[in-house]
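Residue numbers (the numbering used here), protein chains in the order written: chain A, 1 to 275; chain B, 1 to 359.
Calculated from the structure, these hints are not laboratory results. All residues carry an ideal CB built from backbone N, CA and C; glycine is no exception. Heads up, a few of these hints could be off.
As the list claims (entries may be wrong) - Interface residues of chain B toward chain A, partial, derived using beta-carbon atoms under 8 angstroms:
1. Ser-68
2. Asn-69
3. Pro-72
4. Ala-85
5. Ser-103
Stated by the list, open to error - Just a sample of chain B residues kept apart from chain A, beta carbon distances all over 10 angstroms, derived:
6. Asp-5
7. Thr-17
8. Gly-51
9. Asn-73
10. Asn-76
11. Asn-89
12. Phe-98
13. Arg-173
14. Asn-223
15. Glu-253
16. Glu-255
17. Val-273
18. Glu-289
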Amino acid sequence: MKSAKLRRVSWLSWIVIVVGAIYFLAPLVGTFEYSLTALRDQYSFAAYERAFADPRFVQSFGYSMLLALATIVCSILLIVPTAYWVHLYVPQIRPLVEGITLLPFVVPAIVLVFGFIKIYSRPLEIMNIPLVPPLLSTIESTNIVLIAGYTVLSLPYMYRAVDNGLRAIDVRRLTEAAQSLGAGWGTILFRIILPNLRTALLSGALLTFAIVVGELTLATFLGIPAFGPYLQQLGQHKAYEPAALAIVSFLLTWVALVLISIVTRGNAGSAAGSH
Amino acid sequence: MGFLDLENIQKKFATSTAVENFNLSVERGEFVSFLGPSGCGKTTTLRMIAGFELPTAGIIRLEGVDISNRPPNKRNVGMVFQSYALFPNMTVADNIAFGLQVSGKSKEQKSKRVEEMLRLIHLPQLGARYPYQLSGGQQQRVALARALAIQPQVLLLDEPLSALDAKIRVSLRHEIRSIQQHLGITTIYVTHDQEEAMSLSDRIVVMSEGRMEQVGTPFEIYNFPRTQFVASFVGTLNQLQARVLDPAGGKLELEGQTVHIAKAIDKMAGETVAVALRPEMIGLDDGGEEQLSGTVEDSTFLGSIVRTRLRLRDSVISFDVFNNPNLSLPRRDDKITVKFPRDAVLILQSSGAIHAGTE
Ligand SMILES: Nc1ncnc2c1ncn2[C@@H]1O[C@H](COP(=O)(O)OP(=O)(O)OP(=O)(O)O)[C@@H](O)[C@H]1O
Ligand SMILES: [Mg+2]
Chain A
1 MKSAKLRRVS WLSWIVIVVG AIYFLAPLVG TFEYSLTALR DQYSFAAYER AFADPRFVQS
61 FGYSMLLALA TIVCSILLIV PTAYWVHLYV PQIRPLVEGI TLLPFVVPAI VLVFGFIKIY
121 SRPLEIMNIP LVPPLLSTIE STNIVLIAGY TVLSLPYMYR AVDNGLRAID VRRLTEAAQS
181 LGAGWGTILF RIILPNLRTA LLSGALLTFA IVVGELTLAT FLGIPAFGPY LQQLGQHKAY
241 EPAALAIVSF LLTWVALVLI SIVTRGNAGS AAGSH
Chain B
1 MGFLDLENIQ KKFATSTAVE NFNLSVERGE FVSFLGPSGC GKTTTLRMIA GFELPTAGII
61 RLEGVDISNR PPNKRNVGMV FQSYALFPNM TVADNIAFGL QVSGKSKEQK SKRVEEMLRL
121 IHLPQLGARY PYQLSGGQQQ RVALARALAI QPQVLLLDEP LSALDAKIRV SLRHEIRSIQ
181 QHLGITTIYV THDQEEAMSL SDRIVVMSEG RMEQVGTPFE IYNFPRTQFV ASFVGTLNQL
241 QARVLDPAGG KLELEGQTVH IAKAIDKMAG ETVAVALRPE MIGLDDGGEE QLSGTVEDST
301 FLGSIVRTRL RLRDSVISFD VFNNPNLSLP RRDDKITVKF PRDAVLILQS SGAIHAGTE
């Protein structure tokens, strides 16, 4: 009786898993299948060959990967100390911080980018004295604005991941233990907190990477030759190549993430086994 | 002035006062326990010594130096937490070496000290393990080693054994004491378990509602509780209300009967005082020159002893007699008289601030 019930539950969960898998995999499989049909009546990698032949593909994808890495670093440097501080000293404002980090879901990227354009096309001035030249006047400084924008877009994912990671360890006790052993804030953050957040940061980085590499709105309106705008342009006058590139970028993103996780596997053991 | 001095320490939180009028002077190498019920301010006091909380008022001196406002990482105070708080990302050896690493010790110094510490806690083989691969008792021993590795001036332990099961609790408590004595390290130990405090400490500070109730050796605390609170928290004493008849002669009226105590009473005639009656000094026939009569409520056979509860008038006292086959045991509703010496009766003060360190 009981086992029958259990079995039904596990059947149900299998059904959910299968439906979920189909939901996620079907478009991928469909796109892949489609990308193979560039030549009439046969499967081939012709679309891939043509796509790779375009140097702008490697350029824009590499560019986006760099942007993604920069965004991840900025995001971690911004969020880990903040979330740590909130956990330790002002846990009561956690809902507020969480609310702020959810703003990118409320304010569309298009609004954000027009805000950027409005503010940073002009020099930054205080009382009519220009202090900083307009950031959007050169491509280098436009990158700064773009990375800042991407950092904002990554907030909900990164904050959530870090917050969960911090909840999984006893932040306060670990901090105090380290303090009583003579450690200062830098040591505590880099030797205790960050290593114990490894899994959390990895999942945050994963999502950030995926968002940045595929992002279209910010890059387009700020005029940055990133992968998103390239793919979009391509899609306007080609049929099969964008599908091929979507698959390739998907795989490359995964490769990049595996690399990140290997590189950061500093200490075995990690937080996975804590408590 | 002692090795560690707490002078008039007070700690207020936004809505409450956690510690008040706390005065304590700890000698070098002394083992002092803070004992008291939940919420009485033990942890708060300990955390002020560690530097995790700053006192609202008062001074903390370590070897004569005022450390009241020093950050915790500049105090050279070792801390052991109830939850172990080992760094999950580091091996046992790295955990123990952490403090040495922070202070920039060489590799040789670190590994030598780590080995020494692992031997001290009887876990020489486990240096390469991660905390999650250890039992609770082992984790706490590693936490102790980690705190001791930096050779702190004072060792602070906040209920270090509360998360462990009873058997390990007892054995680890002996180990903590023997390590403490071996190193001669000045130690403050927070607990709400009176047995733990009694068996470990050189001196006990009994606390209640943020105040010190009594400071003394376990012997003093157990045998001569000064206040009603200490008597009820620590011992198994019978507590009663009495009326003073003759202060100078130590004469009291206890539930309609008259008893004498060994000392003069610091009260006026007619005043009501709280007294304690020591159960182990009460006997059936040969207890002493004082006596009380009452009705037996019940008598419970507990193996080597028999515990009897005797109703006087309004209150019930309980006392134990050793089991003896030749003895006729009191039975329910028997009218009996028990005897005890004059020093079996203690006058208790109502709770309040005391000036410690001098007692
Ligand atoms: N950070 C804080 N903010 C406000 N009040 C606090 C804070 N820390 C402790 N208190 C209050 O101070 C009082 C003493 O707390 P403390 O933790 O020192 O008690 P304790 O004796 O260690 O109790 P326990 O045996 O339960 O650990 C309690 O009433 C508690 O609510
Ligand atoms: Mg406590």
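Evaluation of the provided hints:
1. Ser-68: Since the shortest Cβ distance to chain A is 16 angstroms, the answer is violated.
2. Asn-69: violated (15 angstroms)
3. Pro-72: This interface hint holds because 4 angstroms falls under the 8 angstroms limit.
4. Ala-85: holds (4 angstroms)
5. Ser-103: For Ser-103(B), the interface hint holds, since the closest Cβ of chain A sits about 6 angstroms away, which is under 8 angstroms.
6. Asp-5: holds (20 angstroms)
7. Thr-17: holds (21 angstroms)
8. Gly-51: violated (8 angstroms)
9. Asn-73: At roughly 5 angstroms from the nearest Cβ of chain A, Asn-73(B) sits no farther out than 10 angstroms, so the non-interface label is violated.
10. Asn-76: Violated, since 8 angstroms does not exceed 10 angstroms.
11. Asn-89: violated (4 angstroms)
12. Phe-98: violated (5 angstroms)
13. Arg-173: holds (21 angstroms)
14. Asn-223: holds (36 angstroms)
15. Glu-253: holds (54 angstroms)
16. Glu-255: holds (51 angstroms)
17. Val-273: The claim stands: Val-273(B) keeps its Cβ more than 10 angstroms from every Cβ of chain A (closest is about 45 angstroms).
18. Glu-289: holds (56 angstroms)
Taken one by one, the earlier hints fail for this structure at numbers 1, 2, 8, 9, 10, 11, 12, listed in ascending order.
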